[in-house]
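Same order as they appear, the protein sequences are chains A and B.
Going by my numbering, the first residue of the first sequence is number 1, and it counts up by one from there.
Going by my numbering, the first residue of the second sequence is number 1, and it counts up by one from there.
Hints listed in this document are in silico derivations from the structure and should not be mistaken for laboratory results.
Virtual Cβ for every residue (Gly too), placed ideally from N, Cα, C.
Each hint should be verified, as a subset may be incorrect.
Derived EDC-like pairs (lysine to aspartate or glutamate); straight-line CA-CA distance at most 20 Å [unchecked claim]:
{"no.": "1", "chain 1": "B", "residue 1": "Lys176", "chain 2": "A", "residue 2": "Glu100"}
{"no.": "2", "chain 1": "B", "residue 1": "Lys23", "chain 2": "A", "residue 2": "Glu151"}
{"no.": "3", "chain 1": "A", "residue 1": "Lys38", "chain 2": "B", "residue 2": "Glu50"}
{"no.": "4", "chain 1": "A", "residue 1": "Lys14", "chain 2": "B", "residue 2": "Glu95"}
{"no.": "5", "chain 1": "B", "residue 1": "Lys173", "chain 2": "A", "residue 2": "Glu87"}
{"no.": "6", "chain 1": "B", "residue 1": "Lys84", "chain 2": "A", "residue 2": "Glu100"}
{"no.": "7", "chain 1": "A", "residue 1": "Lys14", "chain 2": "B", "residue 2": "Asp88"}
{"no.": "8", "chain 1": "B", "residue 1": "Lys23", "chain 2": "A", "residue 2": "Glu100"}
{"no.": "9", "chain 1": "B", "residue 1": "Lys84", "chain 2": "A", "residue 2": "Glu151"}
{"no.": "10", "chain 1": "A", "residue 1": "Lys150", "chain 2": "B", "residue 2": "Glu110"}
{"no.": "11", "chain 1": "B", "residue 1": "Lys176", "chain 2": "A", "residue 2": "Glu151"}
{"no.": "12", "chain 1": "A", "residue 1": "Lys150", "chain 2": "B", "residue 2": "Glu156"}
{"no.": "13", "chain 1": "B", "residue 1": "Lys173", "chain 2": "A", "residue 2": "Asp80"}
{"no.": "14", "chain 1": "B", "residue 1": "Lys84", "chain 2": "A", "residue 2": "Asp62"}
{"no.": "15", "chain 1": "B", "residue 1": "Lys173", "chain 2": "A", "residue 2": "Glu100"}
{"no.": "16", "chain 1": "B", "residue 1": "Lys84", "chain 2": "A", "residue 2": "Asp22"}
{"no.": "17", "chain 1": "B", "residue 1": "Lys23", "chain 2": "A", "residue 2": "Asp119"}
{"no.": "18", "chain 1": "B", "residue 1": "Lys176", "chain 2": "A", "residue 2": "Glu84"}
{"no.": "19", "chain 1": "B", "residue 1": "Lys173", "chain 2": "A", "residue 2": "Glu84"}
{"no.": "20", "chain 1": "B", "residue 1": "Lys176", "chain 2": "A", "residue 2": "Glu87"}
{"no.": "21", "chain 1": "B", "residue 1": "Lys84", "chain 2": "A", "residue 2": "Asp12"}
{"no.": "22", "chain 1": "B", "residue 1": "Lys84", "chain 2": "A", "residue 2": "Glu49"}
{"no.": "23", "chain 1": "B", "residue 1": "Lys23", "chain 2": "A", "residue 2": "Asp62"}
A short list of chain B residues far from chain A (calculated; beta carbon distances all over 12 Å) [stated by the list, open to error]:
{"no.": "24", "residue": "Glu44"}
{"no.": "25", "residue": "Pro45"}
{"no.": "26", "residue": "Glu47"}
{"no.": "27", "residue": "Arg105"}
{"no.": "28", "residue": "Ser108"}
{"no.": "29", "residue": "Gln150"}
{"no.": "30", "residue": "Leu153"}
{"no.": "31", "residue": "Thr154"}
{"no.": "32", "residue": "Asp155"}
{"no.": "33", "residue": "Glu156"}
{"no.": "34", "residue": "Thr158"}
{"no.": "35", "residue": "Pro161"}
{"no.": "36", "residue": "Arg165"}
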Amino acid sequence: MEPKTDFPDRIDLKILAALRADARLSMAALAQQVGLSKSPVTARVRRLEGAGYILGYRAILDPAKLGEAQVAFVQVTLGDTTSEALEAFNAAVRATKAIEACHMIAGGFDYVLKIRTRDVDAYRKALGDTISRLPHVSHTSTFMVMEIVKEG
Amino acid sequence: MTDDRKNNPAHPPPNEEDRAFLKWLHHRGPLHFMQLAETMGWAEPRETRESLRYRLKALFGGSKARPHSRVDRLERDRSILGYKAVVDARFLDFEQVVFVQVALRDASRETHTAFTAAINALPQIVACHMITGDFHYMLQIRTQNIAAFQDFLTDEITQIPGVARTVTIVAMKTVK
Numbered sequence: 001m002e003p004k005t006d007f008p009d010r011i012d013l014k015i016l017a018a019l020r021a022d023a024r025l026s027m028a029a030l031a032q033q034v035g036l037s038k039s040p041v042t043a044r045v046r047r048l049e050g051a052g053y054i055l056g057y058r059a060i061l062d063p064a065k066l067g068e069a070q071v072a073f074v075q076v077t078l079g080d081t082t083s084e085a086l087e088a089f090n091a092a093v094r095a096t097k098a099i100e101a102c103h104m105i106a107g108g109f110d111y112v113l114k115i116r117t118r119d120v121d122a123y124r125k126a127l128g129d130t131i132s133r134l135p136h137v138s139h140t141s142t143f144m145v146m147e148i149v150k151e152g
Numbered sequence: 001m002t003d004d005r006k007n008n009p010a011h012p013p014p015n016e017e018d019r020a021f022l023k024w025l026h027h028r029g030p031l032h033f034m035q036l037a038e039t040m041g042w043a044e045p046r047e048t049r050e051s052l053r054y055r056l057k058a059l060f061g062g063s064k065a066r067p068h069s070r071v072d073r074l075e076r077d078r079s080i081l082g083y084k085a086v087v088d089a090r091f092l093d094f095e096q097v098v099f100v101q102v103a104l105r106d107a108s109r110e111t112h113t114a115f116t117a118a119i120n121a122l123p124q125i126v127a128c129h130m131i132t133g134d135f136h137y138m139l140q141i142r143t144q145n146i147a148a149f150q151d152f153l154t155d156e157i158t159q160i161p162g163v164a165r166t167v168t169i170v171a172m173k174t175v176k
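Produce the complete structure using the sequences and hints provided.
Following this line, the structure appears as C-alpha cells:
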C-alpha cells in the first residue's frame, strides 16, 4: 500500500501563491516568505514544475498596450447540446484567439465567453464573423466592459 | 479608475516593433523559467538556472541602472506589468468558478468607489468588470466549492455597502 503523500502541502501552496504574484523571486526571498531554507524550497519548486502544478512562467502584459483594450462578456446559447455539439463548440472556442476565456454554465444559457478585441468596432465584427458562427450557436447576449476594475 | 499613462510624455506609447514583440510574447503562453529568462534577456548565454536565480535579486532589486533594452523600456512604461508563474487551476484548491452580476443601489461616484475598494480587498474575487446592461458589475469568483461560494456571497458580497441586487451564474466546467 502506498504511503499517504501530502503533496502539495500547505508550504507548496504558499510557494505557488508567491510565484503567481512574482515569478522573479530569488530562492532566498521565496525561502524567507515560506519559512524554509533555500535548498528545500528550490527542490519544492522543481517538484511543482515537474508535476505540472506550475505550467510555466510568463510576463503579465497590459492588454491596452497590446492593442486589445476592449473586453466583452457574451452569454451563448446553443441550439444543440448533445455531447458531439458541445465538443465541436469547445474545440472551436479553443481555436479562436479572440476568446480569452469560456465557461460552461448551469442556468438559463449555456456558456459565458470573455472576448478581447482592439475596440468596440472590432468586437462587433468578431461577434458577427466569428462568435455567431461557432458551431451550434443559436443565441448570444453581449455585455460590453466599460472599465476593468480588477483582473486576476 | 483613471489612467494617465497614455497622456504622459515621459512614456510614449509602444512603437510597432514593441507591439509586435508584446503580441508575440502574449501568444507564446507559459514558458520554462530559463526560456522566459532568455526571452526577456535576464540570462547570460548558457547560464544555469542556479546562477540566474542567485543573480536575480541584484538584477531586479538593486539600484544599479540596467542596460537599456526593449524589455526595460516596456517595463518602465508599464506595458509589461510583471511576471508570474502559471499554475494549473485544478491545484489551486479554488476550483469552483462563479460569476456574479451586481447592481448597486445608485450610480454615484461614492457608491462605486466604496464598492471597488471592497472588491479589491477580497482575494476570492479574481476579476471585476464594469459592464453595460441591467447590472453595474460582473465579478468572477473562485472558491473551493459551491457551499463555500454560498457563504462568500452571504457573508461578504451582499454585505458590501451599496450592493442592491445580485445574480449568480455558476460555471460547471472551464473550457478555456
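Just double-check glutamine 150 of chain B for me: nearest Cβ-Cβ distance to chain A has to come out over 12 Å.
The claim holds: glutamine 150 of chain B sits with its nearest Cβ about 14 Å from chain A, beyond 12 Å.
Is the nearest CB of chain A more than 12 Å from the CB of aspartate 155 of chain B?
19 Å, holds
Taking only the CA atoms, is the gap from lysine 84 of chain B to aspartate 12 of chain A under or equal to 20 Å?
16 Å, holds
Check whether the Cα positions of lysine 84 of chain B and glutamate 49 of chain A lie no farther apart than 20 Å.
OK: lysine 84 of chain B and glutamate 49 of chain A at ~13 Å, within 20 Å.
Is threonine 154 of chain B truly not at the interface, in the sense that its beta carbon sits beyond 12 Å from all beta carbons of chain A?
19 Å, holds
Given the hinted pair lysine 173 of chain B and glutamate 100 of chain A, is their alpha-carbon gap at most 20 Å?
Answer holds: lysine 173 of chain B to glutamate 100 of chain A is near 15 Å, not above 20 Å.
Checking a non-interface call: every C-beta of chain A should be farther than 12 Å from the C-beta of arginine 105 of chain B. Is that right?
It holds; arginine 105 of chain B is separated from chain A by about 18 Å at its closest Cβ, greater than 12 Å.
Compare the distance between the alpha carbons of lysine 84 of chain B and glutamate 100 of chain A with 20 Å, and conclude whether the hinted pair is satisfied.
Roughly 18 Å between the alpha carbons, so the hint for lysine 84 of chain B and glutamate 100 of chain A holds.
Taking C-beta pairs only, is serine 108 of chain B more than 12 Å away from all of chain A?
16 Å, holds
Non-interface claim for leucine 153 of chain B: all C-beta distances to chain A beyond 12 Å?
15 Å, holds
Between lysine 173 of chain B and glutamate 84 of chain A, does the CA-CA distance stay at or below 20 Å?
With Cα atoms ~16 Å apart, lysine 173 of chain B and glutamate 84 of chain A stay inside 20 Å; holds.
Quickly compare the C-alpha distance for lysine 14 of chain A and aspartate 88 of chain B to 20 Å and report which way the hint goes.
15 Å, holds
The earlier numbered hints are all upheld by this structure, with none contradicted.
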